[in-house]
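Student: The chain contents come next:
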Amino acid sequence: MDPVPVKSSSKSQVLAFPEAETTPLSRSTLTRTHKQLLDDLGRDRLVEMYRKMVEIRSFEQRAEQMYQQRKIGGYLHLYMGQEAVAVGLLAALRPDDYVATSYRDHGIALALGIRAELLMAELFGRATGVSGGKGGSMHFFSKEKNLLGGHGIVGGQIPIGLGAAFRAQYMETDQISLTLLGDGAMNQSVFHESMNMAALWSLPVIYVVENNQYGMGTSVERSTSVKNLAMRASAYGMEGVQIDGMNLLECYRTMHEAVKKRRESPSPMLIEVKTYRYRGHSISDPGQYRSKEEIARYRKIDPITQVRRLLEELDWLGEADAKALDKAVRDEIMEAVKFAEESPEPELAARDRDVYAP
Amino acid sequence: MPSITYREALNQAMVEEMERDPTVFLIGEEVAEYNGPYKVSQGMLERFGPRRVVDTPISEASFTGLAIGAAMTGLRPIVEFMSFNFSLMAFDQIFSNAAKMLYMSGGQFPVPMVMRGPGGPGSQVSSQHSNCLESLFANVPGLKVVMPATGYDAKGLLKSAIRDNNPVIFIENELLYGLSCDVPEEEYTLPIGVGEIKAAGSDVTLLAYSRMLLLAAEARGELEQDGISVEIVDPRTIKPLDLELIAKSIRKTHRMVIVEEGNRFGGVGAEIADQVYRACFDELDAPIERVTQKENPLPYAKAIEAASLPSVPEIVAAVKTVCYHN
Ligand SMILES: Cc1ncc(C[n+]2csc(CCOP(=O)(O)OP(=O)(O)O)c2C)c(N)n1
Ligand SMILES: [Mg+2]
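Line by line, the protein sequences give chains C and X. With my numbering, letter number 125 in the first sequence gets 125, and the count goes up by one each step, no holes. With my numbering, letter number 198 in the second sequence gets 198, and the count goes up by one each step, no holes.
Since the hints were made in silico from the structure, they are not lab data. Errors might be hidden in some of the hints.
[Claimed, not checked] In silico PhoX-like cross-links for lysine-lysine, where the CA-CA straight-line distance does not exceed 20 Å:
(1) C/K338 - C/K327
(2) C/K35 - C/K260
(3) X/K198 - X/K252
(4) X/K248 - C/K338
(5) X/K294 - X/K252
(6) X/K302 - C/K71
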């Protein structure tokens with residue numbers, strides 16, 4: 001067990017770090033908070049969130065296939081297994097909030113509401129892609145959706161998100177900056193430097209560590225001196241929690257509360273989301289450092305299946321409707337592929353454009 | 001002589017030096033249990049154990065700094081960067097500490113270490129993963145910069161780099177790892193700072209290093225058809241530079257083209273051209289031509305990525321320009 005620091009400095013919250021529990025969603029085991037949350041959300045929003053998760057899964061499956069057909073090049077880091085994180089967190093944000101993440105950015109971009117066709121076109125290196133075909137899989141950007149990027153250097157986005165929070169404070173807005181990073185990225189210098197400044201200046205940045213338990217082939221146990229990553233918040237006098245990232249409602253609830261509090265009174269926060277990636281680190285990694293049993297264990301608490309089951313139990317989405325929804329999403333993704341394929345490649349002049357701002 | 005890959009040659013060099021000297025150790029991301037991100041350290045954990053083959057967190061600044069401290073106190077670290085793009089995280093340690101320590105300590109603290117890993121663009125990995133950093137490293141007094149193109153050169157030079165008492169930047173290339181060549185079974189080393197004529201010729205000196213030598217060789221074949229005889233010079237080490245070898249070639253050919261995969265402004269080729277002009281201006285029958293990457297960050301999209309990088313047709317055209325051949 002990790003030590004549980006409860007002493008707080010004058011500036012910090014009371015810090016306790018219990019391990020997040022994993023209770024798969026089910027009508028019979030819903031907590032009071034979750035029941036309340038469901039009432040507030042209502043059927044349509046929950047179905048919408050479910051649809052988004054299915055869209056991410058479907059997009060990633062198709063992207064994987066397109067890579068194998070050599071329609072996509074470079075690196076490809078898939079998001080399968082982590083869908084509840086992107087969808088749950090972003091459902092709690094406003095369109096004018098800012099988001100920055102790592103190269104594992106497909107799920108975040110889709111959850112932000114960027115159209116699949118623009119993302120697929122980016123993967124295909126087409127001029128119609130979100131980053132004009134110049135960024136590829138790792139570098140989705142959208143000015144329109146306030147997506148400050150997919151970043152290829154581990155930890156690179158951590159101070160970028162801090163900058164967006166600094167600007168919110170500077171302009172006296174109540175915008176939030178959501179900055180996602182991996183468990184591996186927590187061991188970069190910039191993480192520690194940014195956490196300190198965030199707390200020192202009470203900046204409205206929410207750092208979310210998507211702890212999928214591996215940084216490439218290195219497990220958290222082999223890379224990090226503490227098991228409970230949220231605990232690191234205490235070193236900076238910052239609020240920190242660990243949550244179950246396979247559970248959509250938990251992701252939504254935590255973010256919703258965190259955001260609400262910070263709109264009123266800005267302060268940073270660290271949320272560790274325990275999740276899992278089904279695939280290897282990138283498409284070229286067979287992921288042999290993980291056992292079949294381990295993967296199966298997570299498949300059993302698959303984030304999408306959990307919500308689907310709950311929707312059925314609540315009689316909010318029957319089996320036939322769920323199947324129809326799945327199919328509609330798959331068709332949309334195929335349309336996105338078609339759009340990408342039919343889009344033009346960037347013209348030669350694009351090579352020299354955007355090196356400097358006008 | 002057995003034919004082995006560039007990757008295996010590097011592995012052999014590290015294994016042999018670790019057998020020879022118990023102070024040599026390897027440290028970096030995924031070097032041990034994963035057997036290396038590019039499998040260069042395959043089998044080394046098994047052979048030497050976790051004390052000498054050390055997996056790190058993703059903390060480049062600090063594991064590089066750690067290696068510098070270990071080198072100052074008597075070990076001989078080999079730092080592996082998963083790619084040289086990530087050495088940027090450790091630039092301060094390399095520039096401010098590794099390169100300067102011996103000098104600012106008045107000669108008391110040498111830093112015998114190697115920093116190695118693949119450099120240069122991969123294939124469609126976009127701007128942040130495609131840097132050519134050799135010109136930056138070479139700009140700093142105190143660092144040596146080695147960039148071998150073949151397995152034979154890689155093995156001999158890596159062994160010398162490990163034995164060198166200075167910080168050596170040893171830049172490999174992902175796209176060369178799988179290429180094979182003959183490498184002797186007997187022990188050998190190659191001196192740092194000595195280049196090699198990779199192919200003899202009489203009309204023009206074509207200088208290239210690392211992966212660019214593959215393009216140079218292809219261009220040479222094409223130019224032969226046009227009756228132009230190309231001499232390919234591989235400096236193998238960027239710093240210190242084997243100016244003597246280059247000047248000797250120019251005294252024969254009187255023309256020069258320099259190819260580098262990195263950007264043009266302040267590039268390695270600019271320095272070489274300057275040194276050549278100073279050493280043998282009178283020998284030149286034409287201004288030196290340079291073929292480089294274009295002045296943009298590398299994009300993901302395939303066609304404009306290719307159009308950003310040096311190409312065989314550009315090398316052919318540059319050679320024809322210096323030969324006044326149309
Ligand atoms: C500075 C830097 N070092 C190393 C890498 C190579 N690399 C890319 S992703 C990765 C693992 C990151 O793991 P984590 O932060 O847990 O994110 P995940 O991939 O699990 O989403 C590594 C080592 C990099 N891109 N940047
Ligand atoms: Mg991870």
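Student: Please go over all the hints and tell whether each is borne out by the structure.
Tutor: A quick look at each hint next to the structure:
The straight-line distance between the Cα atoms of C/K338 and C/K327 is roughly 16 Å, inside the 20 Å bound, and the hint therefore holds. Proximity of C/K35 to C/K260 is assessed by CA-CA distance (about 19 Å); at most 20 Å being required, the pair is judged to hold. For the suggested pair X/K198 and X/K252, the alpha carbons sit about 15 Å apart, so the restraint of at most 20 Å is met. Only pairs whose Cα atoms come within 20 Å are accepted, and X/K248 paired with C/K338 is rejected, the gap being roughly 58 Å.
A hinted pair counts as satisfied when its Cα atoms are at most 20 Å apart, and X/K294 with X/K252 does not qualify at roughly 30 Å. For the hint linking X/K302 to C/K71, the alpha-carbon distance of about 11 Å falls within 20 Å, and the restraint holds.
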